[in-house]
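Asks: Those protein sequence lines, which keep their order, are chains E and U. Going by my numbering, the first residue of the first sequence is number 1, and it counts up by one from there. Going by my numbering, the first residue of the second sequence is number 1, and it counts up by one from there.
Hints in this document: simulated from the structure, not taken from any laboratory. Among the clues, some could well be false.
To be clear about the criterion: a stretch of chain E counts as covered by chain U if any three or more of its residues have a C-beta under 8 Å from a C-beta of chain U, and this derived list gives those stretches [to be verified]: (1) 6 to 15; (2) 88 to 94.
A few chain E residues that face chain U, going by a derived Cβ cut-off under 8 Å, partial list only [to be verified]: (3) Ala3; (4) Ile75; (5) Pro79; (6) Arg80; (7) His84; (8) Leu235; (9) Glu239.
Note that beta-carbon positions come from the ideal geometry of N, C-alpha and C, so glycine has one too.
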Amino acid sequence: MLALVLNECIKLKRSLAVMVCLAAPLCAATFPVMVMLNKPGPKPWVQLLAEGAAVWAYFMFPMAVTALSVLMAQIEHGPRMWNHLLALPTRRSSVFLAKVVVLAALVLVMAVALYACLYAAILLATLLIPGARATGDPQAGETLVSILLLNGAGLMMAVIQLWVALRFRNFAVPLVVGIVGTFLALAVRAAKQGVFLPWLAPAYTFTLPDPTSLAVVGFGSLGGLVLIPVMVAHLARHEPTG
Amino acid sequence: MSFVIETQGLTHRFGGFTAVDDVDLRVEAGAIYGFLGPNGSGKTTTIRILLGLLRPQAGRVEIFGLPMPNRRRAIARAVGAMVETPSLYGHLSGFDNVDLTRRALGLRPSETWRVLELVDLRDFAGQRAGSYSLGMRQRLGIGRALLGEPRLLVLDEPTNGLDPAGVMDMRRLIRALPARQGVSVFVSSHLLGEVEQVATHVGLMFQGALVAQSTMTEMLASVPRRIEIAVTRADEAALRLRAARVDAVTQGEGRIHIATAGRPHEDPARLNALLVGEGFDVSSILTREPSLEEVFMRKTAPSRPAHGVH
Chain E
1 MLALVLNECI KLKRSLAVMV CLAAPLCAAT FPVMVMLNKP GPKPWVQLLA
51 EGAAVWAYFM FPMAVTALSV LMAQIEHGPR MWNHLLALPT RRSSVFLAKV
101 VVLAALVLVM AVALYACLYA AILLATLLIP GARATGDPQA GETLVSILLL
151 NGAGLMMAVI QLWVALRFRN FAVPLVVGIV GTFLALAVRA AKQGVFLPWL
201 APAYTFTLPD PTSLAVVGFG SLGGLVLIPV MVAHLARHEP TG
Chain U
1 MSFVIETQGL THRFGGFTAV DDVDLRVEAG AIYGFLGPNG SGKTTTIRIL
51 LGLLRPQAGR VEIFGLPMPN RRRAIARAVG AMVETPSLYG HLSGFDNVDL
101 TRRALGLRPS ETWRVLELVD LRDFAGQRAG SYSLGMRQRL GIGRALLGEP
151 RLLVLDEPTN GLDPAGVMDM RRLIRALPAR QGVSVFVSSH LLGEVEQVAT
201 HVGLMFQGAL VAQSTMTEML ASVPRRIEIA VTRADEAALR LRAARVDAVT
251 QGEGRIHIAT AGRPHEDPAR LNALLVGEGF DVSSILTREP SLEEVFMRKT
301 APSRPAHGVH
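Construct the complete structure from the given sequences, taking the supplied hints into account.
Replies: See below:
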């Protein structure tokens, strides 16, 4: 299993995965900088960090997960690797499980990258934008925990995205699922019925420890863990087409 | 007799289309088995079943005496395969491509260099596989299939799209494998002439069915060889030969064709003596062995639709 996980990491060499993992958090981190540019003056750290985290939770994170899962799946679909991979004397389930593990690791990398980018961008803005200032406690520890929780709540969404991307050779299918999920999450944010949409779960980490938010975050993270064996079993049974 | 591959009544349908129809394959240990047939005759589907990528809907498959797909992992440890085009990660180096499989198989790191050496790609190991020529890609695919010294190598259309030099390289490589690696080779192709030059055994597929299977020598001997004689007064000479119970027909001006059945009186020297003795001037006698293409056309003739204008 460890060998297959290592193989998945090597496959990402010279791919766009690293760029996605860095570019997406960087884009989210530019948002508080824009806010400081528009209205220079003192602003609390908490508000600036929340601006960046909101953009991340609602838009950049689901889009980045969609892009990464499509990328990981297309590495196999593109050159028709399934015949080769699934004819090897390894457990078929391990092949797919290794992909989930690596996607989860990339989500973790993105969490750390977002954390670093947010603080770096705000600090840089305070130095470069005249009059801009971040006030109050930077809350470094709490922010890190929040971001990790946020990304953890997106596990179910990540598993669904990877599942669709691996199942369908055509990359448009997971892309459409990701785009529809992301925009649906924005649309149903206010509706009661929308709370259990996996694409929305990361945003509910902002209102923790509210009981509904707790349930939604639990659904998004633990639900993802439950979904992994179902996905792996389904994909391992499926006959490859190339 | 020990078989590395044995199937019985192997059948697979895609909807209403029967891709593989009641196929009984028998591949002996140490053989280079040419699995031949036109495109769409069921070769790749059969190979996918042999590798456990598809479940047969009827019949049974045994590889090294073990049932497939029940013992898929045990079988796969002793089988190397290249199905259809060699699928490679174009953004990774040739070394990485082989090494990924080496690691998945749990083999020692030196194994990657051994197979790269074997397929003459050691000097190009650092280049991206995407920049390889088709011949190099095919060789890399075979190299990857040779990891762990498998007892059976399954190659699906390994000469597809290769230029003549690439085809010759591939032929040389396949021919050398049983001796160098002690491996049995199961190679599919629609290029009958190519496989004729390397295979020791042959199976002919047509419309999903295995129409014939034997050693190459027996297969070629199953169709009579032809003798072509250039002679004066060909019509008269053919009449004289037919009177001597030789199946001779005139073919154009001054030429006689004889389909032989290996009988003593069809010996070229005797035919020559007979004609010369009767006063005919014989300018040449050529013996033509049947090609695998001729054998294939004969064996599949009953199933093939007649050509022509209706």
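Asks: With a cut-off of 8 Å, does the beta carbon of E/Leu235 approach a beta carbon of chain U closely enough for the hint to hold?
Replies: The hint is violated - E/Leu235 has no Cβ within 8 Å of chain U, the shortest such distance being about 14 Å.
Asks: For the restraint on E/Arg80, tell me whether the closest CB of chain U is nearer than 8 Å.
Replies: holds (5 Å)
Asks: Is the interface hint for E/Ala3 satisfied, with its Cβ closer than 8 Å to some Cβ of chain U?
Replies: holds (5 Å)
Asks: Once the shortest beta carbon distance from E/Glu239 to chain U is found, is it less than 8 Å?
Replies: holds (6 Å)
Asks: E/Pro79 was flagged as interface toward chain U. Is the shortest Cβ-Cβ separation under 8 Å?
Replies: For E/Pro79, the interface hint holds, since the closest Cβ of chain U sits about 5 Å away, which is under 8 Å.
Asks: Has the region 88 to 94 of chain E got at least three residues whose CB is nearer than 8 Å to a CB belonging to chain U?
Replies: The restraint on the region 88 to 94 of chain E holds, since 4 of its residues have a Cβ under 8 Å from chain U and three suffice.
Asks: At a threshold of 8 Å, is the proposed contact between E/Ile75 and chain U supported by beta-carbon distances?
Replies: holds (7 Å)
Asks: Let's test the interface hint: is any C-beta of chain U closer than 8 Å to that of E/His84?
Replies: The hint holds - E/His84 has a Cβ within 8 Å of chain U, the shortest such distance being about 5 Å.
Asks: Do three or more residues of the region 6 to 15 of chain E come closer than 8 Å to chain U, measuring C-beta to C-beta?
Replies: holds (count 7)
The structure fails to meet hint 8 from the earlier list, while all remaining hints are met.
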